[in-house]
Amino acid sequence: MNQEDRAALHKMTLELRAALKRRFPRDVHNSRRSFRDLLIKEIRAVFPLRIGRPRDPVLNRVERLKRQQPGLSYRDIARQVVPGFKECTVDQQRLYLSNMRQAMKERRRREKKIRSRLSPRTKLQPENASMQNPEPPPQSSCENEDA
244 MNQEDRAALH KMTLELRAAL KRRFPRDVHN SRRSFRDLLI KEIRAVFPLR
294 IGRPRDPVLN RVERLKRQQP GLSYRDIARQ VVPGFKECTV DQQRLYLSNM
344 RQAMKERRRR EKKIRSRLSP RTKLQPENAS MQNPEPPPQS SCENEDA
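Numbering (the working numbering), first residue to last: 244 to 390.
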């Protein structure tokens, strides 16, 4: 961020402070620390950090199918989502399904942890909900699992 942008951001911050003092004078004066903590929590909810790996497009599709059709098994979903799944050996299919279940479990655990940090009014939106062009599926699932 260059110097001009920093100055503009500082000016906007001062304007925000003045607006908050006008709108919530009692809260700002009486409980400055708790008001500040609440404000920081709200800002973090609006501007969440996206740390870590990008999300796997195959798991995004799995998650979408699980929401749309809750009765589908992971095997049925893998047949739809993963090209070449039927041609894999039984062991490769078992390994792929186990990894898929574990990855979805981890994703739910992480999202639950994130939700617990957000304010009650903020809803966690799926990252791919705003995607206009979904990513194409991978070419094959069994080529790198020969081990």
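If you are wondering where the hints come from, they were derived from the structure by calculation, not from laboratory data.
It is possible that part of the hints are untrue.
[Said to hold, decoys possible] EDC-like, lysine to aspartate or glutamate: derived pairs with alpha carbons at most 20 Å apart:
id: 1; residue 1: Lys264; residue 2: Glu247
id: 2; residue 1: Lys348; residue 2: Glu330
id: 3; residue 1: Lys264; residue 2: Asp248
id: 4; residue 1: Lys355; residue 2: Asp319
id: 5; residue 1: Lys309; residue 2: Glu349
id: 6; residue 1: Lys356; residue 2: Glu306
So, going through the hints one by one against the coordinates:
1. The straight-line distance between the Cα atoms of Lys264 and Glu247 is roughly 26 Å, outside the 20 Å bound, and the hint therefore fails.
2. Note on Lys348 and Glu330: the hinted pairing is violated, with a Cα-Cα distance of about 26 Å set against a maximum of 20 Å.
3. A C-alpha spacing of about 24 Å is found between Lys264 and Asp248, which places the hinted pair above 20 Å, so the restraint is violated.
4. Under the criterion of a C-alpha separation no larger than 20 Å, the hint pairing Lys355 with Asp319 is inconsistent with the structure, at around 26 Å.
5. With a CA separation close to 15 Å, the supplied pair Lys309 and Glu349 stays within the 20 Å bound.
6. With a C-alpha separation of about 18 Å, the suggested pairing of Lys356 with Glu306 holds against the 20 Å cut-off.
Of the numbered hints given earlier, the model fails hints 1, 2, 3, 4; all others are met.
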